[in-house]
Amino acid sequence: MRITLDKFFTVLTGLAVMCMIAALFVILGPMIYRGLGAIFFRGTVEFRKMQLAEFEHGNIEKIKQEDIQTKQARQAVYNIIDKFRNGIDAEKLTDQAKQIDRTFGKELQLQDTERERYQELRGLSRDIRDKLIEAFSSTDIEQIKKHIDFVLRYESDERFRKTSAAQYFKLAHEFAQASEKIDFEKKDLYAGELNELEDIIVKLLGPDPNGNKPVLAQKRYGAARWDQAQKLMHELFWKEQWIEQENSKTLVRIETSRAEQFAGTELEPLFAYIKDNSKKMLNPQITFYWRYFLDDSTPGHYFGGIGPEILGTLFLTLLSMVFVIPFGVISAAYLTECSSEGPVIRVIRMCINTLAGVPSIVFGLFGMAFFVLFFIPFFGGPSQGCILAGSLTLAVLTLPVMIRSSEEAIRTVPQTYKEASLALGASKFVTFVKVTLPAALPGILTGIILSLSRVAGETAPILFTAGIAIGPVPDSIFQKTRTLSYGSWDMAVSDKLAAEVPHNQYGMVVTLVLLILCLNALAIMLRSRVFKKLKGH
Amino acid sequence: MKSITVKILITFALLVSTNVIAQEKLHIEGSTTVGPVADGFAEAFKSMYPDTAITVNKSGSGTGATALIDGRCDIATMSRFMKDTEFKDAVAKGVFPVAHAIAMDGICVVVHPSNPINALTTEQVRDIYIGKITNWKQLGGPDTQIVVISRDTESGTYDTFETFIMKSQKMASNVEYVNSNPQMFARVQSTSGAVGYVGFGFVKTGVKALTVNGVKPSVQTIISGQYSLSRPLYMFTNGYPKLGSMTHKFVTFHLTEKGQEVIEDKGFVALTNY
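Taken in order, these protein sequences are the chains called A and B.
Letter 425 of the first sequence, counting from 1, is numbered 425 in the working numbering, and no numbers are missing.
Letter 98 of the second sequence, counting from 1, is numbered 98 in the working numbering, and no numbers are missing.
Since the hints were made in silico from the structure, they are not lab data.
Nothing here was measured: the structure is a model prediction, and the numbers come from that model.
Glycine included, each C-beta is placed from N, C-alpha and C at the ideal position.
Warning: the hint list may mix true and false statements.
Derived pair list, reagent style DSS-like, types lysine-lysine, alpha-carbon separation capped at 27 Å [as the list claims (entries may be wrong)]:
hint : chain 1 : residue 1 : chain 2 : residue 2
1    : A       : Lys213    : B       : Lys204
2    : A       : Lys213    : A       : Lys106
3    : B       : Lys204    : A       : Lys187
4    : B       : Lys242    : B       : Lys258
5    : A       : Lys219    : B       : Lys132
6    : B       : Lys132    : A       : Lys249
7    : A       : Lys239    : B       : Lys242
8    : A       : Lys219    : B       : Lys242
To list a few chain A residues with every Cβ distance to chain B over 12 Å, as calculated [claimed, not checked]:
hint : residue
9    : Gly14
10   : Glu120
11   : Lys170
12   : Ala191
13   : Leu251
14   : Gly307
Only some residues are given here: those of chain B computed to face chain A with a beta carbon under 7 Å [as the list claims (entries may be wrong)]:
hint : residue
15   : Pro113
16   : Phe202
17   : Gly206
18   : Gly267
Working from the sequences, and respecting the hints, build out all of it.
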């Protein structure tokens with residue numbers, strides 16, 4: 001009976017451990033996989049252009065060459081769209097016609113044309129312009145033909161040769177060609193669809209190379225990653241629609257081919273072209289973006305890395321350790337060595353235990369009220385959140401953990417050690433520093449490891465005391481800083497951009513986990529070395 | 001081991017001792033909704049005025065107001081107007097908040113795209129949120145339970161929704177609360193019977209914005225006030241900022257062409273029309 005119970009217990013514990021490991025894999029596995037996507041991915045030429053312009057990384061010559069090559073491949077896309085637009089965008093065409101008329105008028109003035117001739121040509125030019133505009137806004141193919149024929153009658157006219165008015169005929173030819181293939185009843189529909197299509201193309205290939213440079217970096221480049229590009233291309237080829245279904249009131253999602261939508265128009269070849277030449281246009285290459293851990297980012301973490309966040313987290317964590325270790329150890333020493341058990345000590349202990357259970361946001365508010373608004377200004381510092389205030393708050397947060405574990409560690413040091421030291425004539429203080437503390441060091445280090453992990457991952461205490469969403473890298477401890485935990489929170493709650501760059505979100509979280517792991521590993525290594533020293537020599 | 005400790009100590013000593021370079025600083029604190037606009041402005045300012053160090057924190061409209069009152073920030077971003085108690089606190093401390101409306105935002109009632117319902121009235125929306133209407137069938141939709149989702153009661157978005165829709169009626173107890181616009185979007189996108197409300201910028205593929213009282217939310221209807229669920233977004237400063245100062249440039253940046261571009265890119269409705 002006892003043996004079966006024992007075995008049962010062993011199996012149970014084994015199962016529990018297995019469950020925990022499985023849970024760890026289930027939670028961490030996908031997270032790490034996606035997080036790695038921030039470092040290993042197939043970067044397109046847009047990514048390299050962005051890196052060069054925003055962070056000055058990369059080979060200028062090579063990227064320039066790549067840019068030229070991809071631009072050549074892209075030109076066809078813009079050409080096809082322009083051609084198609086010529087058939088439907090009456091407003092733009094009208095503007096063009098008016099512009100030609102104006103330039104022609106100026107040209108005549110500059111050439112000092114005779115008064116009569118000037119008036120005649122100007123009148124003719126206006127006639128042509130008005131006919132063209134009429135043709136552009138018409139939806140009747142017969143009417144259009146009539147107007148265009150009228151315009152083209154002047155094509156061979158000597159007076160218009162080699163002047164800017166020759167542009168009229170080019171415009172007329174293009175429009176005639178485009179209008180042959182267009183179903184005029186669908187003109188408005190096409191215009192709407194074309195806008196949608198162009199939005200996707202801007203996201204895929206970047207903004208119009210001839211247009212203004214967008215203010216925000218997020219809009220300056222096309223799809224920087226091949227997986228993003230593929231998603232956009234899917235959107236480009238397939239239009240998502242929700243349609244009604246028989247005998248059910250819920251709508252069903254269907255995807256219709258855009259190529260079919262534009263069948264028979266000038267735009268139709270666009271889809272096949274993009275499909276066949278997407279790699280030439282974007283040139284995806286396997287990228288190992290190790291600078292992710294060093295680079296600054298554009299606001300919203302759309303591009304770039306998490307360098308300042310890592311640095312900020314390290315500063316905060318290590319500085320808070322500087323405060324918490326001495327205070328924690330000294331308090332623990334007092335509780336174990338200097339005081340005798342009594343009601344006062346019991347109350348103090350109870351307070352420490354309660355402190356350990358206080359939610360971290362309370363510490364955050366306390367930190368703001370005490371450190372930011374009172375303590376630091378009291379010593380002449382700025383009454384603003386800063387790294388110092390943040391790390392002090394974090395120190396208070398982990399003090400209970402530190403005290404408890406140091407206390408345990410000190411208590412496990414055999415009484416005989418201390419007695420031996422005292423018997424040799426050492427004072428109580430010297431005994432503590434030279435004998436008890438070194439012997440308790442491994443236990444104290446365990447406490448440090450525990451509080452280190454807690455501090456690095458806390459968001460609430462630094463929300464009001466040290467964290468910012470964007471800002472420069474701090475150059476003193478009286479400035480605010482970005483941190484990994486606050487950054488992850490910020491990405492999750494504020495900007496709509498974050499949803500478009502999930503790899504960056506996961507990347508930041510995974511980095512935080514890895515950073516804590518590294519700090520822990522460091523502390524554990526330190527502990528084992530101390531252990532060896534204690535045992536061996 | 002000792003050398004590492006020494007190195008760390010030296011790094012910290014250096015950090016503390018480095019003199020802060022004389023540069024203009026601007027700290028912005030407040031709403032998570034307006035935060036992205038401040039981010040965008042800061043990005044634009046970084047290239048225009050590289051000597052200015054701009055920091056942005058997003059901790060909520062209320063925290064922004066408190067920070068301005070305490071003098072801990074230069075600009076408080078808020079998605080609602082200051083409350084009278086906040087004004088009183090401010091004046092008592094010698095701070096005189098001035099509101100700068102920088103953009104408009106529409107609060108859009110959103111449902112899953114598979115939902116055949118396209119339009120509701122404010123009364124119907126209210127009935128859903130107070131628990132009178134619990135099934136889409138009652139509104140002519142499919143026979144599915146309505147999953148009602150609201151923003152947390154601290155947010156400015158909730159404030160606006162409450163004022164315009166709830167008219168001080170209490171939300172039903174089964175209403176689910178989420179903390180941010182992205183969360184709301186994700187929740188509605190993944191739940192076929194859900195109804196919720198998000199800022200105008202979060203209406204994109206994945207959710208469907210409803211027509212409210214016969215008006216569809218769009219840039220035109222929001223800016224003209226036809227769409228009733230629209231609100232201005234604010235930046236508050238202590239007094240009107242000195243002309244030419246960085247603070248002044250920042251709170252008037254929305255009037256420039258670049259500022260308009262940023263606001264539109266961040267998914268809000270600009271007040272200017274370049």
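Verification of the hints:
{"no.": "1", "hint": "A:Lys213 / B:Lys204", "in the structure": "25 Å, holds"}
{"no.": "2", "hint": "A:Lys213 / A:Lys106", "in the structure": "31 Å, violated"}
{"no.": "3", "hint": "B:Lys204 / A:Lys187", "in the structure": "25 Å, holds"}
{"no.": "4", "hint": "B:Lys242 / B:Lys258", "in the structure": "22 Å, holds"}
{"no.": "5", "hint": "A:Lys219 / B:Lys132", "in the structure": "45 Å, violated"}
{"no.": "6", "hint": "B:Lys132 / A:Lys249", "in the structure": "22 Å, holds"}
{"no.": "7", "hint": "A:Lys239 / B:Lys242", "in the structure": "51 Å, violated"}
{"no.": "8", "hint": "A:Lys219 / B:Lys242", "in the structure": "32 Å, violated"}
{"no.": "9", "hint": "Gly14", "in the structure": "37 Å, holds"}
{"no.": "10", "hint": "Glu120", "in the structure": "40 Å, holds"}
{"no.": "11", "hint": "Lys170", "in the structure": "31 Å, holds"}
{"no.": "12", "hint": "Ala191", "in the structure": "17 Å, holds"}
{"no.": "13", "hint": "Leu251", "in the structure": "5 Å, violated"}
{"no.": "14", "hint": "Gly307", "in the structure": "16 Å, holds"}
{"no.": "15", "hint": "Pro113", "in the structure": "5 Å, holds"}
{"no.": "16", "hint": "Phe202", "in the structure": "6 Å, holds"}
{"no.": "17", "hint": "Gly206", "in the structure": "9 Å, violated"}
{"no.": "18", "hint": "Gly267", "in the structure": "6 Å, holds"}
Violated hints for the displayed structure, listed by number in ascending order: 2, 5, 7, 8, 13, 17.
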